[in-house]
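Just so you know, the protein sequences line up as chains A and B, in that order. My numbering puts the first residue of the first sequence at 1, with every later residue one more than the last. My numbering puts the first residue of the second sequence at 121, with every later residue one more than the last.
Any given hint might turn out to be false.
Below, a sample of chain B positions facing chain A; criterion: calculated Cβ distance under 7 Å [as the list claims (entries may be wrong)]: (1) Phe123; (2) Asp197; (3) Cys198; (4) Thr224; (5) Ala225; (6) Glu231.
These are calculated hints, taken from the structure and not from any lab test. Just so you know, even glycine gets a beta-carbon here, dropped at the ideal spot from N, CA and C.
Listed here are the chains, written in short residue letters.
2 protein chains.
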Amino acid sequence: MAFDPATLKYDAQGLIPAIAQDAESGEILMMAWMNAESVSRTLDTARVTYWSRSRQAFWVKGESSGNLQHLVDLRVDCDRDCLLVLVRQEGPACHTNRRSCFYTAVRDGEEVELMTPEAG
Amino acid sequence: MAFDPATLKYDAQGLIPAIAQDAESGEILMMAWMNAESVSRTLDTARVTYWSRSRQAFWVKGESSGNLQHLVDLRVDCDRDCLLVLVRQEGPACHTNRRSCFYTAVRDGEEVELMTPEAG
Numbered sequence: 001m002a003f004d005p006a007t008l009k010y011d012a013q014g015l016i017p018a019i020a021q022d023a024e025s026g027e028i029l030m031m032a033w034m035n036a037e038s039v040s041r042t043l044d045t046a047r048v049t050y051w052s053r054s055r056q057a058f059w060v061k062g063e064s065s066g067n068l069q070h071l072v073d074l075r076v077d078c079d080r081d082c083l084l085v086l087v088r089q090e091g092p093a094c095h096t097n098r099r100s101c102f103y104t105a106v107r108d109g110e111e112v113e114l115m116t117p118e119a120g
Numbered sequence: 121m122a123f124d125p126a127t128l129k130y131d132a133q134g135l136i137p138a139i140a141q142d143a144e145s146g147e148i149l150m151m152a153w154m155n156a157e158s159v160s161r162t163l164d165t166a167r168v169t170y171w172s173r174s175r176q177a178f179w180v181k182g183e184s185s186g187n188l189q190h191l192v193d194l195r196v197d198c199d200r201d202c203l204l205v206l207v208r209q210e211g212p213a214c215h216t217n218r219r220s221c222f223y224t225a226v227r228d229g230e231e232v233e234l235m236t237p238e239a240g
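From just these sequences and the hints, can you work out the full model?
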């Protein structure tokens with residue numbers, strides 16, 4: 001069946017959450033939001049393109065930092081209201097310069113930092 | 121630092137997205153939503169507990185199906201507005217009886233089904 005981004009389920013702001021996973025290691029790198037046009041651009045360019053809610057603008061991941069996300073595979077969930085993008089990530093995915101945004105764990109009621117920023 | 125679920129960033133409905141990942145294989149199983157009380161219950165019981173938006177009720181994953189999610193580790197992202205739960209999943213995570221909800225891929229403009237339902 002031909003894929004049409006309009007068939008996905010978007011929230012009241014026209015957005016759908018997109019989880020980015022390292023295609024090779026399986027590590028979860030980040031979660032951000034896409035609108036229908038971001039989904040199309042991601043598929044057309046193979047550069048993962050989110051919608052920045054703070055800037056209200058398209059956000060080609062890594063466009064300014066150089067830490068691009070190259071699309072390897074795009075997955076849709078059963079409810080069609082969440083996306084999984086398997087990517088080849090250049091450099092760190094997190095704006096704190098860590099590999100992943102999920103660098104804090106909760107263990108025995110305490111927050112524990114699992115990763116340190118990569119050397120610039 | 122002691123972890124307090126109230127310090128997470130929830131949306132206008134008081135919810136935060138939670139990504140469930142198989143702790144052993146790294147496979148992404150599903151994405152659902154939690155409120156502050158679901159986060160507390162998940163940590164207290166080690167059974168992953170979402171908030172069902174359709175039923176407007178707590179949803180102990182697998183409570184009726186038996187396909188429980190046992191919490192292995194809880195992670196918080198840099199913006200504190202998304203959670204990652206590493207789990208030990210009993211049975212399939214998806215209500216379609218597939219291991220993961222992300223069983224559809226978009227390849228060359230077509231939707232491709234990657235997984236079939238497990239035998240009941």
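Holds or violated: the hint that Thr224 of chain B contacts chain A, with Cβ atoms closer than 7 Å.
4 Å, holds
Hint check: is the beta carbon of Glu231 of chain B less than 7 Å from a beta carbon of chain A?
Interface hint status for Glu231 of chain B: holds (5 Å vs cutoff 7 Å).
Using Cβ atoms only, decide whether Phe123 of chain B comes closer than 7 Å to chain A, and label the hint accordingly.
5 Å, holds
Interface restraint verdict for Cys198 of chain B against chain A (beta-carbon cut-off 7 Å):
Holds: closest Cβ of chain A sits about 5 Å from Cys198 of chain B, inside 7 Å.
With a cut-off of 7 Å, does the beta carbon of Asp197 of chain B approach a beta carbon of chain A closely enough for the hint to hold?
Constraint on Asp197 of chain B satisfied, holds at 4 Å.
Interface restraint verdict for Ala225 of chain B against chain A (beta-carbon cut-off 7 Å):
Interface hint status for Ala225 of chain B: holds (5 Å vs cutoff 7 Å).
Checked against the numbered hints listed earlier, the structure breaks none of them; every hint is satisfied.
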